[in-house]
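Model the placement of chains H, V and S on the given structure of chain C, informed by the hints.
Here are the chains, one letter per residue:
There are 4 protein chains.
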Amino acid sequence: MKTNIKPAEGKLGILIPGLGAVATTLIAGVEAVKKGISQPIGSLTQMGNIRLGKRTENRFPKVKDFVPLANLNDIVFGGWDVYSDNVYEAAMKAKVLEPGLLNQVKAELEVVVPMKAAFDKNYAKNLIGTNIKTGTRYELAQQVMEDILAFKERHGCDRIVLVWCGSTEIYYEASDIHQSLEKFEQALILDDKRISPSMIYAYSALKLGIPFANGAPNLTVDIPAMIELAKLTDTPIAGKDFKTGQTLMKTILAPGLAARSLGVRGWFSTNILGNRDGLVLDDPDNFKTKEVSKLGVLEDILRPDANPELYGDLYHKIRIDYYPPHGDNKESWDNIDIFGWLGYKMQIKINFLCRDSILAAPIALDLALFSDLAKRAGMSGIQEWLSFYLKSPQTAEGLHPENDIFKQLIKLQNTLRHLMGEDLITHLGLDYYQELVDVL
Amino acid sequence: MKTNIKPAEGKLGILIPGLGAVATTLIAGVEAVKKGISQPIGSLTQMGNIRLGKRTENRFPKVKDFVPLANLNDIVFGGWDVYSDNVYEAAMKAKVLEPGLLNQVKAELEVVVPMKAAFDKNYAKNLIGTNIKTGTRYELAQQVMEDILAFKERHGCDRIVLVWCGSTEIYYEASDIHQSLEKFEQALILDDKRISPSMIYAYSALKLGIPFANGAPNLTVDIPAMIELAKLTDTPIAGKDFKTGQTLMKTILAPGLAARSLGVRGWFSTNILGNRDGLVLDDPDNFKTKEVSKLGVLEDILRPDANPELYGDLYHKIRIDYYPPHGDNKESWDNIDIFGWLGYKMQIKINFLCRDSILAAPIALDLALFSDLAKRAGMSGIQEWLSFYLKSPQTAEGLHPENDIFKQLIKLQNTLRHLMGEDLITHLGLDYYQELVDVL
Amino acid sequence: MKTNIKPAEGKLGILIPGLGAVATTLIAGVEAVKKGISQPIGSLTQMGNIRLGKRTENRFPKVKDFVPLANLNDIVFGGWDVYSDNVYEAAMKAKVLEPGLLNQVKAELEVVVPMKAAFDKNYAKNLIGTNIKTGTRYELAQQVMEDILAFKERHGCDRIVLVWCGSTEIYYEASDIHQSLEKFEQALILDDKRISPSMIYAYSALKLGIPFANGAPNLTVDIPAMIELAKLTDTPIAGKDFKTGQTLMKTILAPGLAARSLGVRGWFSTNILGNRDGLVLDDPDNFKTKEVSKLGVLEDILRPDANPELYGDLYHKIRIDYYPPHGDNKESWDNIDIFGWLGYKMQIKINFLCRDSILAAPIALDLALFSDLAKRAGMSGIQEWLSFYLKSPQTAEGLHPENDIFKQLIKLQNTLRHLMGEDLITHLGLDYYQELVDVL
Amino acid sequence: MKTNIKPAEGKLGILIPGLGAVATTLIAGVEAVKKGISQPIGSLTQMGNIRLGKRTENRFPKVKDFVPLANLNDIVFGGWDVYSDNVYEAAMKAKVLEPGLLNQVKAELEVVVPMKAAFDKNYAKNLIGTNIKTGTRYELAQQVMEDILAFKERHGCDRIVLVWCGSTEIYYEASDIHQSLEKFEQALILDDKRISPSMIYAYSALKLGIPFANGAPNLTVDIPAMIELAKLTDTPIAGKDFKTGQTLMKTILAPGLAARSLGVRGWFSTNILGNRDGLVLDDPDNFKTKEVSKLGVLEDILRPDANPELYGDLYHKIRIDYYPPHGDNKESWDNIDIFGWLGYKMQIKINFLCRDSILAAPIALDLALFSDLAKRAGMSGIQEWLSFYLKSPQTAEGLHPENDIFKQLIKLQNTLRHLMGEDLITHLGLDYYQELVDVL
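Line order of the protein sequences matches chains C, H, V and S. Following my numbering, the numbering of the first sequence begins with 1174 at its first residue and continues without gaps. Following my numbering, the numbering of the second sequence begins with 1174 at its first residue and continues without gaps. Following my numbering, the numbering of the third sequence begins with 1174 at its first residue and continues without gaps. Following my numbering, the numbering of the fourth sequence begins with 1174 at its first residue and continues without gaps.
This is chain C alone, in the form it adopts within the complex (with noise of 0.2 Å):
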C-alpha cells in the first residue's frame, strides 16, 4: 500500500486566496514554527499521534511519522488579495498575532506580496479592494492559472495546493450552468455572474491539476461541474468552511447527547466577532451563506427523521453580531435546553473565548498537507475523509454528510491507517477478554 504513495520530495507551494486574518495566521505561524520560536498547537497532521494495532503494543506515533506528509521546511507560501499589503502588514492590521512574534518573521512576510484577485463586490458587499484583476471570468482564470504556473517556477515547486481563506460570499444555490463541466466552461466563456470568484480560482487549479480546499460556505467545488473536472484531471477536492468555534463544539456536544439518547428541545447559538469576517457576514446575504452551513449539523447528527421523540421538536437558532471590541477573539453563547428520563429538563450553557484565526490556521494547514498526500496517493474528487475540517462538508451524492466530529475521527484515521497498510481499528477489544471470545 505505502508503496503507492509518491514520496514528499521538493518544495510544496500553499497558494491562497484570500490573504486576510486567516492566511496571515497561517503562514506567520509556519514561519515561527520552522524557526523553532512556536509550536503548531491544533495541527493534528503537526502534533497529533495515532494509535496503531492492538492497545497492549502501544503504538501511538505522531501522524507525520507515520504517513509521508511535506516537510513545513519545504513550504512556500503565496496567494492572491483585494488589497494589496504584503502578509506582514496584513497580519499586524489582523491584530491576531503579537507584534512581538510577528517582527520576528517581519523578513519571510514581507515577501508575500499578495497578486491581484479575481474580485466580484457583488458577492461580498462589505469589502472595498483596490488590489484586482480586470477581465470577463474566462479571463480571470487564465490569469489565475499563469499566476499558478508562474509561481511554480519562480519557487522552484514540485507540487500545488489551493486553499480557500478568503470572505464568504453571498449566498447563492447551484443553477444549471454549475451542473456539468461542459455548461460551465460555456458560461466562464460567457462572463456568467452566477460564476463566483472563488469558483474561479477552484476552476483554475483542479485544470491544473491542482487539490483545492474551500475554507469558507460557499458552493465553489461544490456543484456538479466541479466534481467533474476533479475526476477528470485526477485531483482531489476538500470543502467546505473550516470548522471552527461554536460549530467545532456543537459537533462535539451534539454526539455525546445523541449517544446518551437525551432529547434536544432548543439550541440557541450566538456569536460576536469583531473582525473583517465579522464585517462581511454583517451583510444578511453573506450570513445567509454562513447561517446554511452552520444550521446543517444538528439534524445530520440527532436525526430527527429517526428519533422524533427525541429531536423531532427541536429549535435551532443561530446568531452572528458583528462586536467591534473583540477583534478576532470571536466568542459564542450556546444555550441548550436537553431533556432527559420522563421528559425533564435541563439546561447546557457553554460560553468558549476563541480566537477564530487561531483555531483555523492549523486547520489550512491540514487541509493543504493532506490534499497533497491524497494526490500523492492517487485520490481524486471528494475527499470525504477530510470532512473532520469542514463544518458542511461534501460527500458522495445520496449520502448524508457525517457531521459528527468523533466519527469523522475515526473515518480520518481509518483512512490513514487503510493508506498505510494498517488494521483498521473497530474499538471492539473483546480478545482482551480471551475467555469471552472463546464462548462466543
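No lab work stands behind these hints, which were simulated from the structure alone. Computed from a predicted structure; not experimentally measured. Fair warning: there could be bad hints in the mix.
No more than 35 Å apart at the CA atoms, straight line, and that leaves these computed lysine-lysine pairs for DSBU-like [as the list claims (entries may be wrong)]:
1. C:Lys1266 with S:Lys1268
2. S:Lys1325 with S:Lys1207
3. C:Lys1490 with V:Lys1266
4. V:Lys1461 with C:Lys1294
5. V:Lys1227 with S:Lys1227
6. S:Lys1490 with V:Lys1490
7. C:Lys1380 with H:Lys1227
8. V:Lys1518 with C:Lys1268
9. C:Lys1237 with H:Lys1490
Stretches of chain V that chain C covers, calculated by requiring three or more beta carbons in the stretch to come under 8 Å of a beta carbon on chain C [as the list claims (entries may be wrong)]:
10. 1433-1444
11. 1494-1507
C-beta: ideal position from N, C-alpha, C; glycine also.
Structure of chains H, V and S alone, referenced to chain C:
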C-alpha cells in the same frame, strides 16, 4: 451468533442496594413508562438506534429491536435501604419527580418496601440509618443471599441482576484481603472491617451467578477477588460510578479537544448539589473516593505521556460543594484553559444545570438490561463494553481504561453488532467513492 | 404633611389594557395573596422596608405601614384585550403560573372578562385579535371612557388607575399632532393614524382624572399633549416600560462600574424568550421601539460626554430573539468588556435565567398603588420618583432621565419620607463620629 | 469649610508594607501615569466626577479638581517586604503588567528597594521570607518608626501615609491585649504573639500621627487599642480589605435585588486565582480570615432580621481555589438563586474574568490620597466614608457597617460636598416639577 444468546423470557428482577433518589427515580420512571405516561428518555436500550450495514442501506433500528433485551413489562423491582420508607415515600422525600407524576404510580411504588440493609456507618458517616441487618460480615452476606432467593421465588423471577445505587463509601484502596477469592472469604468469616458494605452485596450476587453493576465510585467489584468469583460463576460485572453530569460532559469535550490537538493548561470543575449524595460527599473521606474517580478521566483521554507539549502541564481541580438550595438539581461549572496555534490562549466555560437522578436512572436501567443480556450471551467477568456508562471503568489488567465516550460508544455498538453477527463499522467509507478504491 | 394625603378608603379599581401574561400573573397573584396562599415577593409596596431617622433609631417599617396605600383586599381588577379569554383561560395559556396555583383562584379569575379592545393591527402585526371595538379614534376614546365609568359603578369603586400591560407597539416618534392637547383632540376627531391605541386609553383615563402608568416602551403618555392634559386634570402619569430582566441588571451593574471609574468598551446583550411578547418583538418595527428604550440607559448612567476616556468608545448592542422553547422564561446573556488600571482589560458575563411576567407583575402593582397615592397626595403630571420601575423614565423637559437604579431608589424613598414629613437621608453620617463634627 | 483643610503642598510619601502584586502594580502604574504612558483607570480620585448642585446647573467636575488632593507628581513610594527584590523585579515576577510597560518605568521602579519586614511566619505559613527584621515586637515597632522617619527625611516628604498591601494573615479575634492602648503597649513590650505583624506597622504609623489604611481582612486597626491611639494622635484610619472582584460585584448586585424586594435563597461563590495571594489563601487558617470578611456583606445588605420571608433562609457559600493557570487573573463564578412574585424561582450566574491587582491598585491609591486629605481636614479615627473601598468596613461601635456600595458612594460623595461647603444631594428632585412643590 444470535443463536448463542438465550432468549429474554420470563421476569427479570432488578434488585438495588440503596433505594434513594436514583433508584426511586428509576423505579417510578419504569412504572410510568409501563403505563404509557412517560418516556424513558436517556436510555440507549429503550430510545437509541444503531446503524447497521452500509450508510446506503438505511438500516437504523432501535437497539431494543436489534438485540434480545428484557422487556420493561417483565421487570420487577426490589432492594435494600438503611431507611425503611417504601419507594413512594422515599421518592417524595427525594423531590426529584413531581408529586403529580408519583401519585399516578403510587400503588406500584408503595409495594416496594426496602429490605434491611447491610450497613457499616464507618463507610458513610453522614448517614443515619435504622433499617439495618445485624451480624458479622459473613452472616450479612448469607442474609443478602437469602433475601435475593426469597425475592426471586416470591416474584417468580427467571433472572436477577443487582445494581448498586447506594451512596459513595469512604475512600479505601485494595488490600491483601481483596487479592484473591480465598483471602476474601476468610476475611468475610473474620468480619474484617476492610470489607465494605457494597462488597457484601457484590459477593452475594456473584456467588449466586447474578450480574452486578456498581453505580458508585467505591471499589466493590473492582478487586481481584471479585473478578475471580465472577469468572468462576460465569457472571458479568460492570463498574464503577455512573457517568452523569460533569464527567459526562468532560468525556464528551476532552476527546474533541484532543482530536484537534488543542492544548489544555487547566481544567477547573466545580459542582453544587443539595441531595443526600451531596450530604455524604460533604465528608472529605467520601469525597476523596469520588474525586479519584473523577480525576482520572482526563489523563486517560489526553495522554500527557504521549503529548507532553499539549497536556504535560495540565492542572486539573475538582470541587463538590453541598448546596441545599439546589436539591437534586446538581449544577456544574467548568473553566477550561486551552491553547491553540502558536500557544495562543482560549477559554471554555460550561455551565450544566442538570438533574443528578434524571441522568443516572436510565444508566442504571441500561446497565441492568445489558448485564442480563451479557449473562444470557455467556459473557462473564469485566464487561468493558459497558464503560460507556461509567466514570471509572474496569478493564483487564495491563490495559488503560478507555474514557473517551465516543470510543466507548463504538465499543458498545460494535459489541452488539458482533453479538448479532453484523459487520463491524469502521467509518472508513472509501467504498462510496468507487474510483478511489480502484486506485488503492 | 401627612394630613394633605387623602386616606385610601373604599375600593380601588385597577384597569389594565392588555390582559396577557403580565396582567394575568398580577391578577392571579393578588388573588392568591388575598387568600394567604402566596406572598407578593418583588413588590416594594408590600414587602419592602424603609429606613427612617438615624441608624441608631432602628426604625425600619414596611413601606405599606409607613405610607397610606390601598389595601390589597380593596382592589378590584378589570381590563381590555384583543382576545376574549377570561383571565383564568388567558393565564392558563400564558403558562407562567402552575395550574395548581391557578385552580385555587379559578373563581376569582373567571369573572374577569376582558372588555373589547381599542386596537389597530398596524401597531402590532404579529397579533391577531377578535375582541375589538369599532369606530373612529374619537369614538373609541368615548367607548373606553364609558367602559371605565361603567366598571367603576358596577364594582362600587372609589378610585381607578390604569396600567398599560399591552404589547409593545411599533416604533414611532412624536409628531405635530402630539405637541399640544388641542392638536391631539383635533387629530382624534380626524381619526389620525398617528394616534396609537395606547394613546386612546391614556387620553381616556387622563380626561377622567385617572392616573395612567405605561409598562411598554411606546410613547403613549410621553408626549406634550398628555402631559398638558395630566396637569389640567391634576392626574399623575408614569412611564415608560417596566424595568425587568436584563435592563434591571444593567441599571444595577452599570452604576457600580461607574462608581469605581472602571471603563466600559463594549456591552453585548442578548435575550431569548418565547412568549407573546417575544412573538411581537420578532417584528423589526416593534423591536425598534424596545431597542430604543433599552439602549438609552447606559448613556445616561455612564455619561460618555463627561468621561470620554472611560465611556467615549463604548459599543452597545442589544438583541432579542424569539425562542419558543423558553416560553415566558426569558433568559439574557450579557458580555461586558471593561478595563481598569492602565487600561487592562477584564470581562463580565451575566446569565440571567429570569421569568418575564414574574418580574413585571409586582412592578405593575406598585405603579398602580403609588399612582393612586400620588393622586391622593395632590401630585400631578410626570412622577419622576417612579422611574425606579421604568426602563425609559419620563422627566421634565431639559432634564436627563436618571437610570441609575440606586439614585432612583433614593429618589423614591426620599419622596416618601418627604410626603410623610420625615427627614431626608443623605448617608452623610458624620454625626456618628462626634469628634469629627466638632472639628468641621 | 474649605479654609479648614490644609493645602496639599510638598511631597507625600506612600509607604507600603507588602510590595507584592498589588503594590508593584500601583507603583508602576503611578509612574506610568506621571510619564503620560497610561491612565489611572479605576481611581475615583483621578478619573471620577462628582455632581454638584441641581441637575440643571450641570456642574460635574473631576473629584481631583474639587477637593485638594495630593498631586500624583508629588508622590514618593517606599515599603517593606519579606523578599528583597526591588519593585521592578517584584513586578516582573508578579506578571500582572506586561514587560513592555514595566521596562518604560524600569529606572523609577528599581530605586524602590524594600526595607526589611516585620514578619512572623506563624501568620502566613505559605510565605518563606528572607528580608526580615529581628527583635521583639516592641523593638520591631521602634525599627519601623525609624524606617518611616528616615524615609521622610531622605525624600524630603511633607506628609506620609501607610497602606497595608501585605498578604492576609491567619484568622484571629481580638483578645484582651487589643482592648486598650495601655494593654496593647504592655503586650508589645512583652513580645506577645497575639500582636500580628500588621499591627506593628499600624501602631508605628499611628504613634507618629500617620494615617493607616488596611487592604487585607486581618483586624490590624480594627481593635479598640488602635482606635484609641488614632484619636489620641488625631490620625485617620481606614479598614479593612480592599473591595475587589467578587465582593465588589456582590455589593453591587445585592442592593439591587434588595431594592426590588426579590428574595434570595442561595448564593454560591467560587473563585480561582493563581497568584501569591491565592497561595497564601490555600492555607485554611488564612482562608478563614478572608471568608469571614467576604461572608458578612450579604447579611448587612439584605437584613434577614427585618425581611425573614425574603432572606431568612439564605444559604451563602464561598470558595477560593488556588489555580495556577490563571496567575493574577482571578476569576469568579457566582450562582444566585432568587425568587420573585409568589415565590417563583429564578437564577443569576455571574462570571467575572477579572484581574486582582488591576482592581486593587487604584483602591490603594485612593485610600492613600483620601486618608491624607482627611488628616489635613482634621478628621481622625474611623473614616466610615471610605467604606466604599472596603469589604469589611470599620464603623463606630453599635453601628451596623454599611456594605451597599451605592450607599457607601453617596456617603463618600456627600462627605466631600460637606467638606467643601456644597449642598448635600438627596435625589429628591421634586423642585423640578414646580406644581408639585406648590401642592406639598
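Consistency of the hints with the structure:
1. C:Lys1266 with S:Lys1268: 27 Å, holds
2. S:Lys1325 with S:Lys1207: 21 Å, holds
3. C:Lys1490 with V:Lys1266: Within the cut-off at roughly 24 Å; holds.
4. V:Lys1461 with C:Lys1294: 30 Å, holds
5. V:Lys1227 with S:Lys1227: 25 Å, holds
6. S:Lys1490 with V:Lys1490: Holds, because 34 Å separates the two Cα atoms, which is no more than 35 Å.
7. C:Lys1380 with H:Lys1227: Status holds; Cα separation ~33 Å.
8. V:Lys1518 with C:Lys1268: 16 Å, holds
9. C:Lys1237 with H:Lys1490: 33 Å, holds
10. 1433-1444: holds (count 4)
11. 1494-1507: holds (count 7)
Hint compliance for this structure: every hint is met.
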